[in-house]
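Given chain E, work out where chain A should sit, using these hints.
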Amino acid sequence: MSKANSATLASASPQYRNWLQRNRRDQIFVRVTQLAVLLVLLILWEVLPKAQIINPLFTSYPSMLWPTFLELLTATPQQASILSHTLSTVVATVIGFAAAMVLGTTIAATLWWWNSLYKVLDPYLVVANAMPKTAFVPIFYIWLGATLSIYGMSLAISLFVTILMIYSGFQSIDPNKIKLAQSFGASKGQILRKVVLPGSVPTLIATLKVNAGLSLVGVVVGEFQSANLGLGYLIQYGSQIFKMNIVMTAVTILAIVSSVMYLAISWLEAVVMRRR
Amino acid sequence: MHASSTDGTATPKVELRNVNLRYFSLEGETEALRDTSFSIAPGEFVAIIGQSGCGKSTLLSLISGILKPTDGAVLVDGKLVNGPSRKVGYMLQQDYLFEWRTILENAVLGAEIQGANMTTAREHAKQLLTKYGLGQFLHHLPRQLSGGMRQRVALARTLCTEPEIVLLDEPFAALDSQTRIALADEVTEILRREGKTAILVTHDIGEAISMSERVIVLSRRPGRVKSEHSIRFATSDGLRPNPFSARSAPEFNGYFNALWKELEVHVEG
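Going down the list, the sequences are from chains E and A.
When we follow this note's numbering, the leftmost residue of the first sequence carries the number 1, and every step to the right adds one.
When we follow this note's numbering, the leftmost residue of the second sequence carries the number 277, and every step to the right adds one.
If you are wondering where the hints come from, they were derived from the structure by calculation, not from laboratory data.
Accuracy of the hints is not assured; some may be wrong.
[To be verified] Pairwise CB distance ranges, derived in the manner of DEER restraints:
| no. | chain 1 | residue 1 | chain 2 | residue 2 | range |
| --- | --- | --- | --- | --- | --- |
| 1 | E | A270 | A | G359 | 37 to 47 Å |
| 2 | A | G359 | E | W114 | 16 to 26 Å |
| 3 | E | V120 | A | G319 | 49 to 59 Å |
| 4 | A | R508 | E | A270 | 52 to 62 Å |
| 5 | A | G359 | E | E269 | 33 to 43 Å |
| 6 | E | K119 | A | E399 | 38 to 48 Å |
| 7 | A | A534 | E | Y16 | 49 to 59 Å |
| 8 | A | T396 | E | L192 | 41 to 51 Å |
| 9 | E | W114 | A | T395 | 35 to 45 Å |
| 10 | E | W114 | A | Q327 | 37 to 47 Å |
| 11 | E | Y16 | A | T396 | 41 to 51 Å |
| 12 | A | G411 | E | M131 | 30 to 40 Å |
Note that the coordinates shown come from a computational prediction; the quantities given were computed from them, not determined experimentally.
No residue lacks a Cβ here, since even glycine has one placed at the ideal position from N, Cα and C.
Isolated chain E (complex conformation) (with noise of 0.2 Å):
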């Protein structure tokens, strides 16, 4: 969608005008409800434990985050600010994403190859995606240890999702584009190369989305369990020294988080589908 450029406006119609106009004022409308909508459960947070109605011990209030976070940036458990704890679990989201992107679209590549071993593990691999990997936790965090467990856990919640999503994308390309390459003698691994990769980039984009919220809540549920940092962390020892304070401004920074990843890949979608 190409913005309308000084020079059509120019010469453009009054209706045309118009018309640019009311969908500008659209666009602003929603973003101000958005805001809206935001701005209005804060206050409900604020107000609604501070009038009684619900009890404030369960719920703190957004006006403590600030003050909370400033408070935990110095006096803080296992003797790490709340920084070192977001870096932590940034970290090991990062890892876990990457390694679930790089090995699952190794082993999706591996399946697209030798079909038969498709044919061998797809039921494997559809059960596999199906477990609840949170089970997992506790095995993972005797097998693995404290910090690897994090790691771990973040990559078999996302990496059976990636295989499935991918190989599925290897399997739309247009057969008649490989038949093209085909005609001029390409190779299996020429038509990986140029064609099947390449024209997997959407699905590659869409895996990355889905995967970043995933690895997220792989580390923060290894952390429940293993961690002496990181927010997952924070979050439980918050609430089993029942301080909502802390649990809260660890939510908080963990929706940030997300946010933040969320952004970085729709600016990375954007790049790259401009070449499309």
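For chain A alone, coordinates are given in the frame of chain E:
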């Protein structure tokens, strides 16, 4: 498998000897071609017509080496076809341009796959595209081009690897009728001028008569060669008219009716 089989004349450019092709699936086997034989001389432009599903496209896949016959032999320049060959270029029913590549990058795809010198290939592709009126679109993306322009890019992609034989699988089927006739003119003219051997598969009788020198009619599935028709037009200069003027030549209707009848017989069985 060497030449000298065909009554003393030169080696045919393309030859099919008693070719059978069956497709296998769990539902059973489908016989696409049965005992099909014909040969095509160097520089000849031959059209193959028949109803849809009669194995026309299969024939081209066999000549291009993508498919292997169940029985019989396919020869190019007297040598058994054993896989895709650089001598053969294949134009499919649609352009199948890669949407992630620019026009120029699409045109050099074949050269890239065949490991050719890319500087030379790019120069060649630029020349071809410029000749086809696409000079200012080299760095555009396929979606920015019309159907006729895209099919011209596909032609450049086919000719960029300098094949001696060009296979055309209903290459204009997806275009509107005006673009179709204009492009048929252009393509025929380009292939003739460069002395390519061309095999056109179509179910459009008019297209077959106007573009080719010989029409081979295939029977319904399983496809066999039902008949062959030489197409000749009397012109003052003794040269073949271009496809557009061939359509208004006095001989055109006679050929059309003859071929129409042959195809119609099949409808009734």
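Comparing the hints with the structure gives:
1. E:A270 x A:G359: 37 to 47 Å: Check passed, 42 Å falls within 37 to 47 Å.
2. A:G359 x E:W114: 16 to 26 Å: holds, 21 Å
3. E:V120 x A:G319: 49 to 59 Å: holds, 52 Å
4. A:R508 x E:A270: 52 to 62 Å: Because 59 Å falls inside the window, the suggested range holds.
5. A:G359 x E:E269: 33 to 43 Å: Holds: the Cβ-Cβ distance is about 39 Å, inside 33 to 43 Å.
6. E:K119 x A:E399: 38 to 48 Å: holds, 46 Å
7. A:A534 x E:Y16: 49 to 59 Å: With Cβ atoms ~57 Å apart, the hint holds.
8. A:T396 x E:L192: 41 to 51 Å: Once the Cβ atoms are compared, 26 Å apart, the range 41 to 51 Å for L192 (chain E) and T396 (chain A) is violated.
9. E:W114 x A:T395: 35 to 45 Å: Holds, at about 37 Å.
10. E:W114 x A:Q327: 37 to 47 Å: Cβ of W114 (chain E) to Cβ of Q327 (chain A): about 38 Å, so the range 37 to 47 Å holds.
11. E:Y16 x A:T396: 41 to 51 Å: Hint holds: Cβ distance 48 Å, inside 41 to 51 Å.
12. A:G411 x E:M131: 30 to 40 Å: Since the Cβ atoms of G411 (chain A) and M131 (chain E) sit about 58 Å apart, the hinted range of 30 to 40 Å is violated.
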